[in-house]
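Chemist: The listed protein sequences correspond, in order, to chains A and B.
In terms of our numbering, the first sequence is residues 1 to 112.
In terms of our numbering, the second sequence is residues 1 to 117.
Since the hints were made in silico from the structure, they are not lab data.
A couple of the hints might just be wrong.
To be verified - Derived EDC-like pairs: lysine to aspartate or glutamate, alpha-carbon spacing no greater than 16 Å straight-line:
#1 A:Lys-99 - B:Glu-85
#2 B:Lys-44 - A:Glu-5
#3 B:Lys-15 - B:Asp-74
Said to hold, decoys possible - Label-pair restraints from in silico Cβ distances:
#4 A:Glu-15 - B:Pro-61: 41 to 47 Å
#5 B:Ala-20 - A:Asn-38: 41 to 47 Å
#6 B:Thr-115 - A:Ser-51: 37 to 43 Å
Keep in mind that this is a model prediction, so the values were computed, not measured.
Just so you know, even glycine gets a beta-carbon here, dropped at the ideal spot from N, CA and C.
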Amino acid sequence: SQQGEEDPQALSIQEGENATMNCSYKTSINNLQWYRQNSGRGLVHLILIRSNEREKHSGRLRVTLDTSKKSSSLLITASRAADTASYFCATDLGTSYGKLTFGQGTILTVHP
Amino acid sequence: EAGVAQSPRYKIIEKRQSVAFWCNPISGHATLYWYQQILGQGPKLLIQFQNNGVVDDSQLPKDRFSAERLKGVDSTLKIQPAKLEDSAVYLCASSLLPGLAGYNEQFFGPGTRLTVL
Numbered sequence: 001s002q003q004g005e006e007d008p009q010a011l012s013i014q015e016g017e018n019a020t021m022n023c024s025y026k027t028s029i030n031n032l033q034w035y036r037q038n039s040g041r042g043l044v045h046l047i048l049i050r051s052n053e054r055e056k057h058s059g060r061l062r063v064t065l066d067t068s069k070k071s072s073s074l075l076i077t078a079s080r081a082a083d084t085a086s087y088f089c090a091t092d093l094g095t096s097y098g099k100l101t102f103g104q105g106t107i108l109t110v111h112p
Numbered sequence: 001e002a003g004v005a006q007s008p009r010y011k012i013i014e015k016r017q018s019v020a021f022w023c024n025p026i027s028g029h030a031t032l033y034w035y036q037q038i039l040g041q042g043p044k045l046l047i048q049f050q051n052n053g054v055v056d057d058s059q060l061p062k063d064r065f066s067a068e069r070l071k072g073v074d075s076t077l078k079i080q081p082a083k084l085e086d087s088a089v090y091l092c093a094s095s096l097l098p099g100l101a102g103y104n105e106q107f108f109g110p111g112t113r114l115t116v117l
């Protein structure tokens, strides 16, 4: 079963707008990661946030984590057409071997 | 730094045939993963190796799927016999040992798109 559930399933915005995607999970985690997948570059790691962190930034990306609500959000600011892709959250439950469980993903379309 | 290599990129077979996929992880990565990604879904872990050993194969359909990682480097995933529902993209990923790195960022290969007719 999927540990993470992304919301919305699809998001369509104009270039320059911000895009926010949410991820909810069911059990306690060690860390949560966001990945992007497009046809050109495959599945690529974007950012990792540990369970003791609340917010993290990387370039135009901002990730928040609320462990009390078991949820995370990914904000992409000033979006570009090149950000068009599927975005997945993946949870690490803290097993010794670092197993990740991926959600269903959010399909983001950025119109030029 | 070379990424994760996979071959073939595409494969079309008929049901009940067999097929094999190959993966070469990033040099020095002890952990190797095989995922199945059905269209419209997220990747689902099939099997995870740490060096030569299997650490998780709980979601591998063992009656038809098998995987090995000889010498702790390259890996092959085999399906025999294939079913229509096996049509998917098969992704290989690798990472440093989570305990060593402190985290487990995974690096993915381009995938093999399998179509079973």
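Chemist: Honestly, which of those hints from before does the structure not fit?
Modeler: 1, 3, 5
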